[in-house]
Amino acid sequence: MPFVQYLRAVGARISVEGLRKQYGARTVLDGVTFEVGEGEIVGLLGPNGAGKSTTLSILATLVPPDRGIVFVAGHRLPDRARAARGAIGLVPQRTAVYPTLSASQNLDFFVRAQGLSGGRAREAVDWAAALVGLGERSAEPVERLSSGMRRRLNLACGILHRPPVLLLDEPTVGVDPQSRERIFEAVTSLAAEGASILYSTHDMDEAERLCSRVILLDEGQVVASGTPAELVRGTGMTPVIRLRMSVTLPDGWNPDIFGARVLERSGAELALAVADAAAVPTLLMSVARAGGDVLDLRLHRPNLADVFFQLTGRALRDRGDAGAVAGA
Amino acid sequence: MVQGLIAAFRKDLLLLLRDRPALIFLTIAPIVVITVAGFSLASLYGSSAQGSTPPVLLLVDEDRGRLAELARERLEKGDEVRIQIVADRGEAASRIRDDDVGAALIFPAGTTAAVAAGRPGQVLLYTDPAKYLQIANVRTLVQELRHELEVASRKKAGEHLAEARDQALAAHAGFESATREFRQKAEEFRAALAAMREEIVDRMTEARKRAADELDEDIASAATKRSTRVRERLTRELAPLKAFLADLSATKRQLEEWQRQVEERVGPVAKALPPPPRLPVLPPSIQSLAAADPEELANRVLGASIKFQTLGRLPRVAVPRVPDFPRLDLPKIPQPPEAKFPGTVEVEETSVTGAPKRLNTFDQNVPGFSVTFLLLGILLGVSLGLLDERDWGTLDRLRTLPMPFTAAIVAKLGSRFVVGMLQMALLFAVGWIAFGVSLGPQPWALALPTAGIVFAGTAFGLVVAAIARTRDSVLPVGSIVIVTMAAIGGCWWPIDLEPDWMRRVALAFPTTWAMSAYNDLMIRRQTVEAALMPTAVLFAYGALYLAVGLVLFRRHLRST
Numbered sequence: 001m002p003f004v005q006y007l008r009a010v011g012a013r014i015s016v017e018g019l020r021k022q023y024g025a026r027t028v029l030d031g032v033t034f035e036v037g038e039g040e041i042v043g044l045l046g047p048n049g050a051g052k053s054t055t056l057s058i059l060a061t062l063v064p065p066d067r068g069i070v071f072v073a074g075h076r077l078p079d080r081a082r083a084a085r086g087a088i089g090l091v092p093q094r095t096a097v098y099p100t101l102s103a104s105q106n107l108d109f110f111v112r113a114q115g116l117s118g119g120r121a122r123e124a125v126d127w128a129a130a131l132v133g134l135g136e137r138s139a140e141p142v143e144r145l146s147s148g149m150r151r152r153l154n155l156a157c158g159i160l161h162r163p164p165v166l167l168l169d170e171p172t173v174g175v176d177p178q179s180r181e182r183i184f185e186a187v188t189s190l191a192a193e194g195a196s197i198l199y200s201t202h203d204m205d206e207a208e209r210l211c212s213r214v215i216l217l218d219e220g221q222v223v224a225s226g227t228p229a230e231l232v233r234g235t236g237m238t239p240v241i242r243l244r245m246s247v248t249l250p251d252g253w254n255p256d257i258f259g260a261r262v263l264e265r266s267g268a269e270l271a272l273a274v275a276d277a278a279a280v281p282t283l284l285m286s287v288a289r290a291g292g293d294v295l296d297l298r299l300h301r302p303n304l305a306d307v308f309f310q311l312t313g314r315a316l317r318d319r320g321d322a323g324a325v326a327g328a
Numbered sequence: 329m330v331q332g333l334i335a336a337f338r339k340d341l342l343l344l345l346r347d348r349p350a351l352i353f354l355t356i357a358p359i360v361v362i363t364v365a366g367f368s369l370a371s372l373y374g375s376s377a378q379g380s381t382p383p384v385l386l387l388v389d390e391d392r393g394r395l396a397e398l399a400r401e402r403l404e405k406g407d408e409v410r411i412q413i414v415a416d417r418g419e420a421a422s423r424i425r426d427d428d429v430g431a432a433l434i435f436p437a438g439t440t441a442a443v444a445a446g447r448p449g450q451v452l453l454y455t456d457p458a459k460y461l462q463i464a465n466v467r468t469l470v471q472e473l474r475h476e477l478e479v480a481s482r483k484k485a486g487e488h489l490a491e492a493r494d495q496a497l498a499a500h501a502g503f504e505s506a507t508r509e510f511r512q513k514a515e516e517f518r519a520a521l522a523a524m525r526e527e528i529v530d531r532m533t534e535a536r537k538r539a540a541d542e543l544d545e546d547i548a549s550a551a552t553k554r555s556t557r558v559r560e561r562l563t564r565e566l567a568p569l570k571a572f573l574a575d576l577s578a579t580k581r582q583l584e585e586w587q588r589q590v591e592e593r594v595g596p597v598a599k600a601l602p603p604p605p606r607l608p609v610l611p612p613s614i615q616s617l618a619a620a621d622p623e624e625l626a627n628r629v630l631g632a633s634i635k636f637q638t639l640g641r642l643p644r645v646a647v648p649r650v651p652d653f654p655r656l657d658l659p660k661i662p663q664p665p666e667a668k669f670p671g672t673v674e675v676e677e678t679s680v681t682g683a684p685k686r687l688n689t690f691d692q693n694v695p696g697f698s699v700t701f702l703l704l705g706i707l708l709g710v711s712l713g714l715l716d717e718r719d720w721g722t723l724d725r726l727r728t729l730p731m732p733f734t735a736a737i738v739a740k741l742g743s744r745f746v747v748g749m750l751q752m753a754l755l756f757a758v759g760w761i762a763f764g765v766s767l768g769p770q771p772w773a774l775a776l777p778t779a780g781i782v783f784a785g786t787a788f789g790l791v792v793a794a795i796a797r798t799r800d801s802v803l804p805v806g807s808i809v810i811v812t813m814a815a816i817g818g819c820w821w822p823i824d825l826e827p828d829w830m831r832r833v834a835l836a837f838p839t840t841w842a843m844s845a846y847n848d849l850m851i852r853r854q855t856v857e858a859a860l861m862p863t864a865v866l867f868a869y870g871a872l873y874l875a876v877g878l879v880l881f882r883r884h885l886r887s888t
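Residue numbers (the numbering used here), protein chains in the order written: chain U, 1 to 328; chain S, 329 to 888.
No lab work stands behind these hints, which were simulated from the structure alone. From a predicted model like this one, the values you see are computed outputs, not experimental measurements. Using N, Cα and C, we set each Cβ at its ideal position, and we do this for glycine too. Hints may contain errors.
Stated by the list, open to error - With beta-carbon atoms standing in for the labels, derived distance ranges: (1) U:S146 - S:L341: 23 to 31 Å; (2) S:L880 - U:S189: 41 to 49 Å; (3) U:S146 - S:R831: 57 to 65 Å; (4) U:A229 - S:L880: 32 to 40 Å; (5) S:M861 - U:R82: 52 to 60 Å; (6) S:P349 - U:A229: 52 to 60 Å; (7) S:L880 - U:N48: 25 to 33 Å; (8) U:S146 - S:P804: 51 to 59 Å.
Only chain S is shown next, with the shape it has when bound in the complex:
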């Protein structure tokens, strides 16, 4: 049976390879449709498709100011529109009326000046509302532009304010620094003055002491000189006295000697002799005076060791204290306030799913139309292939083979499955290479929903082959079903455009699950986990279709 299965599988592949129209339908046709649809609907998603020409936006710069210049730079940087400069708003209106372009952006004179002066600036948007999508995108773009310009202006003003504040802060810091420095210098000066005063005091004390010492020395010298002179004078003037006294003393001693000799000589009569006359007794003071050392005498006269205390007698000079500087109590200069403009309400759009902000139209069309053509190809391939077998008579021949007829059907479905997988791989590769479609972080994960939708489509082809009794009825039956499934399932446009009830209905179609998985993997850049559930649903649909198809097809065969 396996050998028969392989043979049937190979046969069906050969049949397909020999069927050039079918090959074209499977490959060229979807690429052409994807290309045409992609470029045709390029403006639907706001972002230009790769290789497509974005719509023209006329720009009228009556302002000749920075604002229009910024707007032009910004718009030319993006790929949403092509900017064409026209001379005046009249020409712009004319071109819009002539159906040439959809919108014109006009910067009236004075716009930049008004904005710079803090007044509102007005920008005009001329449109042709009939070009709805184009205008909608331009409106969005202009709103974004306006917001960006406002933000840029605010940012610039903020920068200026911040710069001024920085300067003020720097001046404030400089002032405080100068104040601190001044205070420090003043303190240092005051300390220097105090030191100088101390030094003056010291010097004065020293000078006073030195003066006192010098005075004392002079006085002492003068006293010594005087004492000397006094001593000399006393010596000189007491010398006769001393000489008299010495004579007197010598005379006395001689008299006494005489008396002694007289008495000795007179013996006992000496007593009876009358006393010799008495020499006058010298007053002690004269005796002391005569005996006194002239210096001592001088000292006694002049006063001995007179201690001169000149220092205490020198006048004291009070050096005034260094006055305290007045405190430099400068008023506290507050720091300049933070430069704050009234805040703007920013709308921060975050793609929490990982999808880019703007979609490439091919991000939608490549998987969508690939699924559509996949289903059409599989449906026609399976159903017409089975009807071909019937018409050729080979179906009966297959039924008389020893291998189970189901094996032949499975081989046919299997070959179409493989072809479907290859078809999807080719179309995704073309989308990736030619149209820049993202295959997500795990391109291999695309194989899961692809296998699911190919399986479901293949099995559905069997259902159609069983329902449609003739070749003529395959196309209407199949195409109605597939077109409906593709359209509602979000193959041709984002399913979010559909009303809620239709989206609920769409859950009954395998296309919905396939597109859900593709959108998660390719647009939202999610990993394989996102595709597991849709893939399981697709295989469940496929199993259901296969069971129904086999039952119906067997019944169909029995009835013919």
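Bound-form chain U, shown alone:
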């Protein structure tokens, strides 16, 4: 490894280059390369099986890489895994807590397991509980808590020691909006404090909202990376408006709006690509003039899922909304 590259890798909180991992004959990661800097929230997006969890597992020192160079908090993995662990906070996809213990007992265990004790441990527990908003329910057994509260606890257990590197694996799966917001706030707060956060998700809204950068992963390879806006922009996709009307518009009807074009007509339903969402009022007037009575209107702005679909031809989720946006 060239010295300059080495310095760069050590300087970044997370540095992954040419990462490769195989399970038997199946290649899970193949040449994955990315970096996460201090205070940065980087989204790791990809469908199931893309290699997100494996990447996080390697970074969390759970799985050794087959090839590639991995640095976490300046420690090369897997050789200095034990040293790196003190700097890592892992928030697994599952709520990795003890269900029969109370939230406070879980926090108490994990904070002491991190090597904190006495007042520092109590302070850390109070801080983490307050950050994720556990509130009064921390004395209850985890199994009685709601899914959202468990997710919050899951996050709290991973950040007790204020790790400089935080690995979040879909931390908001199945949570209520309130808990989701609380988790977002906590993650943002941690990043603001300087934590380097790798946020694995297949929810593009989360990624777009939280992440300063996004890495799109598919079949173990990075298909794109950059800010969400850069990625969308890079694909040239435009917003799509879907209309459902009371009558079928006459053949040859054209909205006559700059940059708009009909993508699909099916009876009284119509899909149009527009250059800008600001064209909607004009479009509605045009439809009215053609005798159409708009019963329903849907506007879909291009997002990372669309980008992913555009790049891979596959949806981020099984029930994905591929094709909802118009390609360039």
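Take the given structure of chain U and dock chain S to it, following the hints.
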């Protein structure tokens, strides 16, 4: 790391305390199984378990004699069977056929009389061979009873014989004493007779002497009187002679005077004168007689000082000697012989190991089932606990902690170790309090094999957790192994019931060593030294399991 270890240890204890089914499985379940098994198998060891009801043994007393009475007393005194008296053997057979009881002991009429008369007495035992264990125990009991009755009869007869011998010995001694006394009295009598004879002789001698003296005195007196009379008579009768002689003497003296005067007067013519006539000369004897003292004369006549020797002349009377008594040569009466019956062959069963003659079924079941449930509890606790951690996702979280993952495993094993020790302590305490199980002379010594088996079981749980990939496979894998180890290792029945090859195989199981130590300490009442070797083996097994478990579990983690 130590702090993390303590935290993990505490966490695992908390997890267990929150797991009520597990707590029940660790405590209530073994107590229930021990209780059920203990009472169910109470008859297996011959001695009734504390609180259990011993089997019924019917007793038919057609004999109405002492023998049946003794048998009943003996059987009622023990706790091996419950005696029920039934009227006749028909009823006994009926109850056995009706599956009510397993055996009946019948004393036919005349049994006591026959035995008393020295003839064999027959006792009948009705059985239902299908009730094998019960019958086996009853058979043993009846044989013991028969032996005890025989021994008691022999003892009683011996006592009677000894009593008769004592009486004979006393009579013999009395006879000999009387004989000695008679001999002594006879001797004394003979001595008295001899003394009496001596006295007679003395008295006779004295009487003879006295008679002689008296005679001598009388004779002397008579002689004196006679002498006196003689002297007096001589004096009297010689007085004229003396007077004549005195006259004659005086006449002579006068004649001589006359002559002298004549001559003087005649002068020279005197010569020429013719001699005067001569007076006759007195014979000396007459002169002597006249001059003699009458007493002397008397003595001369009578003989002077006649010494009378009467004694020698008295007849001697010989007193016959006291005859010797005939010797009392009684025939020697031999001492009565020792009362000896032909000896019986006694089987003296001695527990050289210190174990009681009959075991309480709980002596076997408490440690056996405690070990079984301990292993099950530990196995499920460790393996399912680790699988729980995996399923909960906490295992991955533990692996990303700064403390070594081994420390987390050790903490989990350590918490289970402590729980296992407490579980065994509880079960032994229950066994001791509720079922009267002995904890041996050094109850604290039980901690050694307990620590060994808990350690081995805990480490084995890690092996199972590494082998069994899912929760569903833990129970079959673990239970097959543990049930096999428990059964072959002697947890459920005494290992001596197993064939030799199986006992050799059993040495490969930690349960065998644990039960060996428990049996030595609890049943054989041995001291801590007996548990050292098994404990060392158990720890060796534990170390082996731990090493294998850690290797397998790490491999298992890497592959997931």
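Evaluated hints:
The hinted window of 23 to 31 Å between S146 of chain U and L341 of chain S holds, with their beta carbons roughly 27 Å apart. Checked against the hint of 41 to 49 Å, the C-beta distance between L880 of chain S and S189 of chain U comes to roughly 43 Å, which is consistent with it. Distance hint check: the CB atoms of S146 of chain U and R831 of chain S are about 58 Å apart, consistent with the given range 57 to 65 Å. Our hint of 32 to 40 Å for A229 of chain U and L880 of chain S is violated, since their Cβ atoms are close to 51 Å apart.
Checked against the given bound of 52 to 60 Å, the beta carbons of M861 of chain S and R82 of chain U, roughly 40 Å apart, lie outside it. Between P349 of chain S and A229 of chain U the beta carbon distance is about 54 Å. The supplied range of 52 to 60 Å therefore holds. Roughly 30 Å separates the CB atoms of L880 of chain S and N48 of chain U, a value that falls within the hinted 25 to 33 Å. Between S146 of chain U and P804 of chain S the C-beta distance comes to about 36 Å, which lies outside the given range of 51 to 59 Å.
Against the hints set out earlier in the document, violations occur for numbers 4, 5 and 8.
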